[in-house]
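Given chain A's structure and the hints, the job is docking chain B onto it.
From first to last, the protein sequence lines stand for chains A and B. Using this note's numbering, the final residue of the first sequence is 389, and nothing's skipped along the way. Using this note's numbering, the final residue of the second sequence is 776, and nothing's skipped along the way.
Errors might be hidden in some of the hints.
To be verified - With the Cβ distance kept under 8 Å, some of the chain A side facing chain B (calculated, not the full set): (1) 37; (2) 305; (3) 315.
To be verified - Pair by pair, the computed Cβ-Cβ distance ranges are: (4) A/63 to B/469: 18 to 24 Å; (5) A/35 to B/523: 41 to 47 Å; (6) B/558 to A/139: 23 to 29 Å; (7) B/584 to A/330: 54 to 60 Å; (8) A/62 to B/550: 35 to 41 Å; (9) B/523 to A/47: 44 to 50 Å; (10) A/108 to B/461: 41 to 47 Å.
No lab work stands behind these hints: they were computed from the structure. Quantities reported herein were computed from a predicted structural model and do not represent experimental measurements. C-beta atoms are modelled at their ideal positions from N, C-alpha and C, and glycine is treated no differently.
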Amino acid sequence: MSFIRSIRLCLLVCLASGYGFTGIACATPYVPADDSTIVETLRDRPLDRADLEFRQMRATLRRDPKALPIALRVAQRAIEIARRDSDPRYLGYAQAALVPFRSGPAVPVSVRLLEAILLQSNHRFDESLQLLHQILVDDPGNAQAWLVQASIFQVQARFPDAKESCEHLAPLGAAAYQVACEAELDSLTGHAPTALENLDTLISSVAPSGSEIPSWLVIVRAEMAERMGDFALAEHDYQAAVKSHADAYAKAAYADFLLDRGRPGEVIALLQLDTRADPLLLRLALAYQAARRPEVNDAIANLSARFAAARLRGDTVHLREESRFTLHLLNQPADALRLGKQDWGTQKEPADARGLLEAARAAGDRDAIAMVKSALPEIQDQRLTALLQ
Amino acid sequence: MSRAFRLRWPSLLALGALLGVLQPAHAHKPSDSYLTLDVQGRTVNVRWDIALRDLDTELALDTDDDGSLSWREVRSRELDIRSLAFANLALKSAGSNCEPQDAPGPGGLKLEQHSDGTYAVLAEQVTCPSTIRRLDVEYHLFAASDPTHRGIVRLTTGASEQTAVVGPENPIRSFDIGSGSWRDTLHDFVKEGIWHIWLGFDHILFLLALLLPSVLPPARSTLPGAPRSFRSTLLDVVQIVTAFTVAHSITLTLAVLGLVSLPSRLVESAIALTVILAAANNVWPIMKDRRWMAAFGFGLIHGFGFASALRDLGLPPGALAISLFGFNLGVEIGQLALVSVFFPIAYLLRSTILYRRWIVQLGSLTIIILAGIWLTERVFDFKVLPV
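Here chain A stands alone, though its shape is the one from the complex:
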């Protein structure tokens, strides 16, 4: 959306809602009438011990920015918080903690690895891969680096490279990770049933019956099951994931599953309070639309504002969401296709494929469909089968 169009949208939204929604202020600033008026909520939950510890560490680091062990812990913790709260500012704090160590002849591997992870979070995959390559040359026994590298290759649909990275894990003592890593790759390259079996075996050994399956594993299986059409298993696993670790990723994946099953009411119940997280707001908006609820208009306006704000900044991490938004909520297939293609340039996961295929069908672009087919030739995903015809 051009800057001018976004201004107009902003004005429209202002008129409709009485106050500025967008990143570009369009309403007049105000002064609260009362000193005791709460003007901003800084956190949704009270501070726990981990938060207080983090604060303390940051304060220590401020006094002595060159204390490497503390800087590493601050950066790690910040990344965890970013993930837990879906809050990218913490990625900035993580980056800030690492800045004093980035120059000089020998940047420690630990710092470089965290930087590679930060690059990955910002979708700067090629730069992250370059850094990982260097790290692995200096430290070939770094299992974490192999893992991150495998992840990125998978996102880029470079499956043989991903598999090769996975194979380094067991010799380094991370056998469970290798199994899960390979299983996921297998499920995307035409060996889905075997993959699911292998994953089941892994899960039984890691979490014998009755005990809780680690949420990272259960989500992998949930997605795999969904792709294969085993909806009962998928639902069971999604619910487990959301219950044990209600992070934004699990919720979004479950919401997508529910939307596909035609159960928007449950999505609304699941995500009602999660309007701060853009991907969750998107699912909520789609649910409102499916359920024909009037709240959809506000949600659309809100999302438009957020995408406009991200575009102003030059961020391109939301392309997948924006393409989906533009197609299903704004009903603009041509723009959605453009965004989908842009997204496809960076990521080629099944969800990206789906977004691009849906936009391509709506806009009548058969070349895009062929493009997806050639990148994911052996994909077995019931959501994509009809779209790929």
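Chain B in isolation, oriented as in the chain A frame:
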């Protein structure tokens, strides 16, 4: 949401192990501030929206640590907020800082809702030394504590608008304002022209040296010994001033347009020489009634001197003609002002010994010495005199 960011491979690995692939931590928004700059002539109206959340992280606004900010907690720190903000923003035009007009008093802080929360709204008005043709914005807010923070800058001037994003990787951004109104440009350059001639002692002394004898009886006087008539004097002055003006206008134009180019050391030295010669002519007269020819010939050289000064001011590409015309006009106005001060005094004193001997003779000798020093300085490229 990209799988690349989902929780995976948590700390089952070695201690200090990092996380695996991450969550899509972009669900909230990364940190931005919104800087609106409205440029009008020499003034910039600044409006800066900064997230309360970011201000709290930096300044610890939440004094009771209850996880929310009350209006009291925010407004009581207004001065700290302003200091933090404006210590990290510099606005410059033509190499000089633009400064706020008055010290902002308290009570100006407001709030605004944006897509990711409440922002503090700071307003300030800054003035630049002259009409802004190019504004340089230097931005360092939160650079050390959050390298992902960005300033979203929106600059408006009249009907046009430009946007840019600034941050630690590109903290300085320049905006071309265009020439502004031609009236402003003209006004500025006229001022510069006047200023330049008033500060250009070598030009002034040259002119004065030529004009000193204007009030004295001409060489071929019909009535030798008789004081010169007003009309005759005026004619002489007008001839000389006009010749000088025409000459320097020609070479100023040629030099500014790049059609003729002379090294500045040569030009400056030559100017000093012309002053010597003009003054010497008063003591050892060679040209008495044709001084306008000297005014013309030497005026050509002076024009090159004006040109380098004009170029140093920075010529707006779209308004070259106006700038040139304005500067020239300014020089003439300044010149005229000087002459109109000199002329009545000289005319009234024209018959006195004070004038003929002291002012003209001794004055010219002094000018020769002064210009001699200038010549030496300029030829050998060092400075002795403060002017």
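For each hint, the structure was consulted:
no.: 1; hint: 37; verdict: 5 Å, holds
no.: 2; hint: 305; verdict: 4 Å, holds
no.: 3; hint: 315; verdict: 7 Å, holds
no.: 4; hint: A/63 to B/469: 18 to 24 Å; verdict: 20 Å, holds
no.: 5; hint: A/35 to B/523: 41 to 47 Å; verdict: 43 Å, holds
no.: 6; hint: B/558 to A/139: 23 to 29 Å; verdict: 28 Å, holds
no.: 7; hint: B/584 to A/330: 54 to 60 Å; verdict: 58 Å, holds
no.: 8; hint: A/62 to B/550: 35 to 41 Å; verdict: 39 Å, holds
no.: 9; hint: B/523 to A/47: 44 to 50 Å; verdict: 48 Å, holds
no.: 10; hint: A/108 to B/461: 41 to 47 Å; verdict: 45 Å, holds
Comparing the model with each earlier hint shows no violations; every hint is respected.
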